[in-house]
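*Asks:* In case you want the letters, here they are:
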Amino acid sequence: MRTHWNIFIAFFRVGMLGYGGGPGSIPLIHKEVVDKYKWMTADEFGDLLALGNTLPGPIATKLPGYVGYRVRGIWGMINAVLATIVPTVILMIVLLTSLSSVKDFDWVQGMTAAVIPVVGVMLAVLTWQFIEKAIGGMGWIKTGIMSVIIFALLQFLNVHPGIVIGVLLVFALVQKDKSKHDDGSREGDSP
Amino acid sequence: MIYWEIFVAFFVPGILGYGGGPASIPLVENEVVDRYGWMTVQEFSEVLALGNSLPGPIATKMAGYIGYDVGGVFGAFVGVFAAVAPSLIIMILLFGFLLKYKESPKVKRLTLYVRPVIAILLGVMAWNFFKESYVDIGFWQTGIIIVASYLLLERVKLHPAFVIIGAFIYGGLLL
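Each protein sequence line maps, in turn, to chains A and B.
The numbering used here runs 3 ahead of the 1-based position in the first sequence.
The numbering used here runs 2 ahead of the 1-based position in the second sequence.
Don't read these hints as lab results, they were simulated from the structure.
Glycine included, C-beta positions come from ideal geometry on N, C-alpha and C.
Treat the hints with care, since some could be wrong.
To be verified - Derived contacts from chain B toward chain A, CB cut-off under 7 Å, selection only:
#1 V35
#2 Y38
#3 G58
#4 T62
#5 V109
#6 L124
Said to hold, decoys possible - Coverage of chain A stretches by chain B, computed from C-beta distances (three or more under 8 Å per stretch; other residues unrestricted):
#7 67-81
#8 122-129
#9 132-146
#10 154-165
#11 169-176
What the hints assert, rightly or not - Calculated cross-link-like contacts (lysine-lysine; reagent style DSBU-like; alpha-carbon spacing at most 35 Å):
#12 K136(A) / K41(A)
#13 K133(B) / K106(A)
#14 K145(A) / K102(B)
#15 K41(A) / K159(B)
#16 K34(A) / K133(B)
#17 K104(B) / K41(A)
Given the sequences, and given the hints that come with them, work out the whole structure.
*Replies:* Put into structure tokens, the structure is as follows:
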């Protein structure tokens with residue numbers, strides 16, 4: 004029972020303090036899981052984070068879910084996930100429903116109009132971060148060519164993004180890996 | 003069959019959103035605005051703005067609120083479940099397997115190849131938001147807010163919640 008309470012409190016704190024979406028809560032999870040409750044070593048947590056990032060879906064629920072499962076099985080997992088998400092979802096529903104009841108006032112319309120460009124800027128910054136990461140991983144020529152093709156597929160041919168992503172995932176898996184010689188020389192260069 | 007639609011609308015972004023919660027936002031918009039027409043771009047942007055100013059993971063806040071908006075409390079439950087469960091189950095089942103192959107180029111390529119897609123989806127969304135704002139409040143107001151919020155967010159490194167509150171005050175008083 005005591006462990007369950009710890010799991011709940013640890014991830015409740017993470018959920019309530021993690022501003023900036025899922026990635027914003029990763030350092031908080033690290034603090035609880037590694038430093039405070041010592042459910043994992045820093046190395047294990049590093050592996051968990053790396054693998055979590057290679058899988059799809061929200062990172063802020065994959066990490067608590069897995070940690071909860073490791074510590075206390077299925078119920079630990081459910082406990083951790085609920086503690087992370089339920090408080091903030093309730094907050095969101097309460098705030099947005101009360102906002103929509105005053106929607107027709109002029110000042111409320113002014114507020115919602117002013118916030119659209121701000122969200123636009125946040126999305127543009129995120130766009131740039133994803134481009135930077137793509138360039139870091141495969142160079143700007145490959146990123147540029149891929150981007151142009153993907154843009155045309157999505158915007159002009161109206162292909163569902165799921166299909167584009169699915170094809171790319173298959174491509175990533177079937178593509179031949181570079182020869183061992185290549186990998187060896189790159190590893191030799193990096194240190 | 004609304005619950006089935008809610009499930010699909012958040013299952014697809016959850017299973018395709020490589021790169022954490024933010025990567026699934028444009029995919030959610032694709033389902034919620036374009037495919038099912040539950041919200042306009044304007045409404046979606048309000049939900050996103052408020053979601054960004056509150057704590058906690060963004061993907062589940064969006065799923066919970068939109069699920070609630072469309073299908074009540076059970077709708078919220080279905081939305082959150084669809085966003086969270088599939089990727090979490092994969093994580094628990096495949097962890098040992100992935101740990102063994104974590105240095106494999108194939109595993110690394112999985113995330114890498116999806117990044118340009120997410121970037122373009124996010125970029126198009128940002129563009130649509132700017133366009134929407136230009137139509138709504140004109141060139142100068144849109145421009146002022148863009149420049150001010152960029153400087154505050156990226157140069158001053160002010161917390162997004164404060165920038166959003168600032169925008170609310172500006173809009174409430176001056177627009």
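*Asks:* Evaluate each hint against the coordinates.
*Replies:* Hints and how they fare:
Because the smallest distance between the Cβ of V35(B) and any Cβ of chain A comes to about 13 Å, over 7 Å, the interface hint for this residue is violated. Taking 7 Å as the C-beta cut-off, the interface hint given for Y38(B) is violated, the closest approach to chain A being about 13 Å. Because the closest C-beta pair between G58(B) and chain A is about 3 Å apart, less than 7 Å, the hint holds. Checking T62(B) against chain A: minimum C-beta separation of about 4 Å stays under 7 Å; hint holds.
Taking 7 Å as the C-beta contact cut-off toward chain A, the hint placing V109(B) at the interface holds, the least distance being around 5 Å. Below 7 Å, beta-carbon pairs count as interface contacts, and L124(B) has one with chain A at about 4 Å; its hint therefore holds. Counting residues of the segment 67-81 of chain A whose CB lies closer than 8 Å to any CB of chain B gives 4, which reaches the minimum of 3, so the coverage claim holds. Residues of the segment 122-129 of chain A with a Cβ under 8 Å from some Cβ of chain B number 8, which satisfies the need for three, so the listed coverage holds.
Only residues whose beta carbon comes within less than 8 Å of a beta carbon in chain B count, and the segment 132-146 of chain A has 7; three or more means the coverage holds. Check result for the segment 154-165 of chain A against chain B: holds, 6 residues qualifying (beta carbon to beta carbon below 8 Å, three or more required). For the segment 169-176 of chain A, the stated coverage by chain B holds: 6 residues have a C-beta nearer than 8 Å to a C-beta of that chain, and at least 3 were required. Between K136(A) and K41(A) the CA atoms are separated by roughly 31 Å; this keeps the pair inside 35 Å, and the hint holds.
In summary, the hint linking K133(B) to K106(A) is supported, as the alpha carbons are separated by about 22 Å, within the 35 Å threshold. The straight-line distance between the Cα atoms of K145(A) and K102(B) is roughly 29 Å, inside the 35 Å bound, and the hint therefore holds. A distance of roughly 32 Å separates the Cα atoms of K41(A) and K159(B); the hinted pair therefore holds under the 35 Å criterion. At most 35 Å may separate the alpha-carbon atoms for a hinted pair to count; K34(A) and K133(B) exceed this at roughly 41 Å.
Distance restraint check for K104(B) and K41(A): the Cα-Cα separation of roughly 24 Å lies within the 35 Å cut-off, and the hinted pair is therefore satisfied.
Of the numbered hints stated above, those contradicted by the structure are hints 1, 2 and 16, listed in ascending order.
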